[in-house]
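Q: Below, each chain spelled out in residue letters.
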Amino acid sequence: MRRSESATHGSLAGSARHLLRLGVALASLAAAVASQAGVASQAGVGPAGLAQDAGKTDAEALWDSGQRQAALSALEAQLALNPTDNALRLHLAQRQSDVGRWEAALATAASLGPQADHLRGTALYILTRFDESLGLLDPADPGQCLMRLDSLLALDRLDEADAALAPAAAVRGQDDVALTVLRGRLHAAHGRFAEAVPEFRAALARDPCDRAALFGLGQALIRTGERSEGLALLERHRALLPLLDRHDFALQALDLDPLHADHHAQLGDIERELQWIDSAEQRYRRAEDLAGPDELAPIVLRHARLLDEDRHTPEAALALLDAAFARVPDPRLAVRAADLALRSGRAADAVQRLTALARSRPEDGQIQQRLAAARAAAAAAAPPEPGTPPAPTPDAVPGTAPGTAPGAAPGAAPGAAAGAAEGTTPAGVPRGRR
Amino acid sequence: MSAARTCCLAGLLAYTAACGDAATPDTSSPARPEAATASRGSTDAVALLPDVAAEAHVDFVHTHGGTGAKFLFETMGSGVAAADFDGDGLPDLLFVQSGTLPPDDFSAADCALAGHATGTTARLYLNAGTAGGELRFRDATAGSGLDVALYGQGVAVGDVDGDGDRDVYLGCYGRSHLFLNDGHGRFTDTTAQSGIVDPPWTTGGAFFDADGDGDLDLYSVAYLDMPIASHVVCGPSKDIRTYCHVDLWPGLDDHLWINDGTGHFTDGSAAAGLPGTTGKGLAVAAEDLDDDGDLDLFVANDSQANLLLRNDGSGRFTNRARESGTDLNGEGRSEACMGVAAADLDGDGDGDIYVVNFQQERNTLYRNEGGLFFTDVAVSSGAGVPGMQSLGFGVAALDIENDGDLDLYVANGHIFDNVEEAEHGATWKQVDQLYLNDGRGHFKLAPGSWGPSLSEPRVGRGLATADFDRDGDLDLVVSNSNDRPWVLRNDAATGHRIVLRLRGPSGRADAEGAVVRLTAGGRELVRTISPGGSYASHMDTELVIGLGDAKTVDRLSIRWPGAGTSELLSLDADCRYDIAFGGEIVSKTTLPALAEAR
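Residue numbers (our numbering), protein chains in the order written: chain A, 356 to 789; chain B, 1402 to 1999.
In case anyone wonders, no lab produced these hints; they're calculated from the structure. Treat the hints loosely; a few may be bogus.
[What the hints assert, rightly or not] 25 Å max Cα-Cα, derived SDA-like pairs, lysine to any residue:
no., chain 1, residue 1, chain 2, residue 2
1, B, Lys1845, A, Glu515
2, B, Lys1845, A, Leu489
3, B, Lys1845, A, Arg512
4, B, Lys1471, B, Gly1490
5, B, Lys1830, A, Ala462
6, B, Lys1952, B, Pro1906
7, B, Lys1989, B, Gly1923
8, B, Lys1845, A, Asp514
9, B, Lys1845, A, Leu510
[Claimed, not checked] Over 10 Å on every C-beta distance to chain B, these chain A residues come out as not near it, computed from the model:
no., residue
10, Thr439
11, Phe485
12, Gly490
13, Ala509
14, Ala521
15, Ala560
16, Ala567
17, Glu590
18, Leu614
19, Asp649
20, Gln723
21, Ala732
[Unchecked claim] Simulated restraints on C-beta separations:
no., chain 1, residue 1, chain 2, residue 2, range
22, A, Ile632, B, Pro1504, 52 to 62 Å
23, B, His1585, A, Gly546, 32 to 42 Å
24, A, Ile632, B, Gly1750, 46 to 56 Å
25, A, Ser583, B, Ser1988, 52 to 62 Å
26, A, Arg547, B, Glu1925, 49 to 59 Å
27, A, His545, B, Lys1952, 33 to 43 Å
28, B, Glu1925, A, Leu510, 20 to 30 Å
29, B, Ala1672, A, Ala735, 40 to 50 Å
The C-beta atom is built at its ideal place from N, Cα and C for all residues, glycine as well.
Work out the full structure, taking the sequences as your base and the hints as a guide.
A: Structure (C-alpha cells):
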C-alpha cells in the first residue's frame, strides 16, 4: 500500500526524474553491457548476430524470465521486421516505459494514434514536458489525474488545479494520501500555508515517510511561524531522502532485472532502514528463493538480522541460518548462528557450534576468540559440579550433524567466516556516475 | 539590414524550428534585433552572437591533461575572468588552465599516476581595443607572473590590497594561489605570505567585503577530498570506464578568509559561523538576498544541499538554506548543482537565484518572495525544463538585448566524455542555451541561429561577461573543456543603455556589493555588483544596464556598501559613467549608437 501510494502521488515526476538522473547512466551502461555481452553470451552469439537472433526469440518469455533488455531487443528486432504492426509498436513502447525508458517509448510511439495517448501523456509528464502532457492525461485515470494536478501546479496554473481537485477526489477518494498531499501543495502555492498544514499532517498520519508531505509540512510550518517544528521536519525529510532515493533506484534496478536476487535483497536492506519491516522481510524471502549458492549466505545473514533485531525472534533467525547452512555450508552462517545462540543465553549451543567450526578452521583466530567467549559464558551460566571434567577442547568435540551445529565450508579462506559475519555483499566496483 | 540578410535569417530560423529545439525558440518578439555578420565585413555567416575568438587573436585552448584514467578533476574544466587588469579601462581576459600537476604540490608518483605533464599555464590576454572596428587581444601571459604551473579550476578577482588594481586568486586542484597586480597586468605570487591555505581542491571563490570594514575578503569554495592516490576505476565493465560519482569522496570545507586590508588574510571561517558548511561546492554567488545592505552568499553544491549564508553585516553568517527553501529544489530533492547566477530576474527588485544542474535535472530558479523565502519556479518560468537536456556549468544573468530585463546564458557540456556510449541521446559536447526574458521572469530559448555557441556543441564550463568592444552591451566568453573558448560579441542588443563603473572605497578598484536602483521609462531596475557567480569564473564589475526605449534615466540611486546611498537625477542614456565611491561622477563618455558600432 505504502509503495503504491508513494509511486503515484504528486511527486511522481520528481521521483522519475530522479531515477533518470541516478539511474540513466548506470542502467544504460548496464543495459549496453548486457545487450552486448551478457545476453549475447547467454545466447551463444556475438553482438553482430544478436539482433537477428533476438528477433527470433519469444520476447515475452524473455521478459517474464527477467531478461528485460533482451526482451526489448527482441521486440525492437521484431518491429524492424514489421514496422507497420501498430500493436507490436505499442507493446514495445509500453515495455520501454516499464523500464523507465521514456524518451525511447515516446519515439517508438510517435507514429501511433490515440491508442498511445495514455502512454504519451505519462511519458511527457515524467519528462517534465507538462504543457504537452496536459492534453493527453486522462482525468478519470487514477494515476493520470494526479499527474494532471501536479502539472498544473508546476505550471503555476493554480485556478485550473483548484478545479481539478474535485474530479480527482471522485476518482481516488477524498482521503487518498497522494491527493491530500497535492491539496496541501496547492494551498501552499496559493500562499495559504495555514490551510496547507492540516493536509500535510493528514497525509503523514497515513504515511509517515511521504517525502512530499514531510517537505511540504516543514516549509508550511516555517511560513506560519512554527520554525522549530518546521526545521525538525525538514531535518527528518533530509535524513529520509537518501534512503527513499536509494529505494527508488533499487526499484528501477529490479524493473530491469526482476529475477536478480541481490536486487531484492538491496530493497530489503533499504526497507529495513526505513522500518518497513514486513515488506523488507518479503524482499529477503524472495531474494533467498532466487539466490544461487554463491549469493545465499549474505542475504540470509541480513534476513536473520531482521528477525533478531527487528522482530526480536532469535529462534526464528537461528532456524533460518541453520536451514540455509544445510543448503549452503557457508561458515558465516555458522558464526552468526553461534553468535545468536550465545546472545540468546544458549551458551552451550554456541560452544557446540563454534567447536565444530573450529575443527575445520583451526587457523581462524576470530572463531577461536568467539569459542573462548562462549566457553566462558557457558561456564558462568552453569558452574561445573565438583568432579565434572572441564569443557571439551575443540579436538575433543566430535563432529556435529548438519543443521544442528554447522561446521565450516571446506576451502573457505582463513578469517572469512568471522570477518564476513555482518553479511553485507562485498564492496563492488564503483558504478558510473548517476 | 539588407533584404538578403533578412531572408537569410528567416531561413535559419525556419530551419531551427524544423529541427525541433528542446524548447520552443522565441522568434515572435517584434523587438528582436536583427542579425549581424559574424565578422564585420564578412557576409558568410549570420549571427547575433558571433564567435570572434580567432579574429580577436584569442588562441587559448584548454587542456585537461587527462590520459584516460578518468580522474574526476580532469572533467571539471576551468573558469575565465573578465576584468581590466592593466588599468587601461578595457576589460581583459584571463583563462584558467588545467593540464599540469605542479611538482611542488604533487609527488612524482602522483604525477606519474595521473600522467599529467603538459607544462601549460593560465593565459592572460590584454584587450588592445577595437582599432579598425575589430576587437583585438594581445597575449600577455609571458612575464605576467601568472605563467606558473598549476592545475587551475576557478578564478576570483578583486583589489585585495586596495591599490586600485585587480588582483587574482586561482582555485586549484592542489594548492590555490593569490597573485597581486602591480597595476600594469604584472603579477606576483603572494600565496605564501597571504595567509591563504585552502583545501587541496578549490573550485573558485568570490571577493567581497564580508565584515563591512572596507576591504575585500575571500570566500573560497572547496569541492572533494580526492587525493590522487584515492583514485578508483569506475564503470560497469573494464571496457567502459567513466568518471566516478562524487559520493565516493568526502566534501571539503569552504573557507572565509578575512583581509587585513593589505592582502594578508586570516582564516575567519570559525568566527563567521561557517563550520559545518562542508559540502561539495562548485560555485558561489554574492548578492544582498535579504535587502539589508550587505552581501549574502549562495553556494551551489554538487549532489548535496546548497547553502544560503545570510550575512548579519558584521561578517557572521547563518545558513538559512533549509528554511528559505533553497537547499533543495521545489520537490525537496538535492541536485547536482554546478553554477549559479543571483540577480533580479523577474524585475521585482529583489535578488533571485538561478542554479544550473546535471543532465536530467531541471535548472532551478528560486524566486525571491521576500523575507528570505524562495519558491522554485523552474517550470512555470520556462528557465528550468530545457536544462533537462543538458548539463550546465557556467551561467550569467545579463541583458543581452538591452531591453531592461535580465536574460540567462548557460554554458553546457557533459562530464562523461563517453556519455554517448552510456546514455541514449546524451552527448559530451553540448550546445549552450540562451534564455530570453519577457520582462516578467518568463523565459524562452533563443534559437540556435543566434550564434555558433547555441548550435555547435562544445564542452562548456567557465563563463564570464564584459563589454569587451566598448559598444555598450555585454559580450560573453565561455571556456570550453579541452577546446577553444567562445568569445561571443553581442550584436543582439538594440535598446538604450547606461554603463556604470562604480569605484570602491579608499581607492579600491571596484564597489563590490553596490546596489543600483534606477528609474527609466516608467520602470525601476535593480542591479548589484555581485561578486562570484557562474562557474569558476569572474564577471567584469562594470554594470551595463539595458533601458529599452528609454533615453533618459530619471533617477539613479546607488547604495554604497557600508556608506549610505547617493542619488543622481536625469542622466543621459547611452553613456558610460565613471562614478567615485560616494556618488560623484568622475567622467562621462558617450557610447556609440549600436547600429553604428556594428
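Q: Does each hint fit the structure? Answer for all of them.
A: Verification of the supplied hints:
no. : hint                             : verdict
1   : B/Lys1845 / A/Glu515             : holds (23 Å)
2   : B/Lys1845 / A/Leu489             : holds (19 Å)
3   : B/Lys1845 / A/Arg512             : holds (18 Å)
4   : B/Lys1471 / B/Gly1490            : violated (42 Å)
5   : B/Lys1830 / A/Ala462             : holds (23 Å)
6   : B/Lys1952 / B/Pro1906            : violated (30 Å)
7   : B/Lys1989 / B/Gly1923            : holds (24 Å)
8   : B/Lys1845 / A/Asp514             : holds (23 Å)
9   : B/Lys1845 / A/Leu510             : holds (14 Å)
10  : Thr439                           : holds (24 Å)
11  : Phe485                           : violated (6 Å)
12  : Gly490                           : holds (16 Å)
13  : Ala509                           : violated (4 Å)
14  : Ala521                           : holds (23 Å)
15  : Ala560                           : holds (19 Å)
16  : Ala567                           : violated (7 Å)
17  : Glu590                           : violated (8 Å)
18  : Leu614                           : holds (19 Å)
19  : Asp649                           : holds (20 Å)
20  : Gln723                           : holds (35 Å)
21  : Ala732                           : holds (40 Å)
22  : A/Ile632 / B/Pro1504: 52 to 62 Å : holds (56 Å)
23  : B/His1585 / A/Gly546: 32 to 42 Å : violated (55 Å)
24  : A/Ile632 / B/Gly1750: 46 to 56 Å : holds (53 Å)
25  : A/Ser583 / B/Ser1988: 52 to 62 Å : holds (54 Å)
26  : A/Arg547 / B/Glu1925: 49 to 59 Å : violated (29 Å)
27  : A/His545 / B/Lys1952: 33 to 43 Å : holds (41 Å)
28  : B/Glu1925 / A/Leu510: 20 to 30 Å : holds (28 Å)
29  : B/Ala1672 / A/Ala735: 40 to 50 Å : violated (56 Å)
Checked against the numbered hints above, the structure violates hints 4, 6, 11, 13, 16, 17, 23, 26 and 29; every other hint is satisfied.
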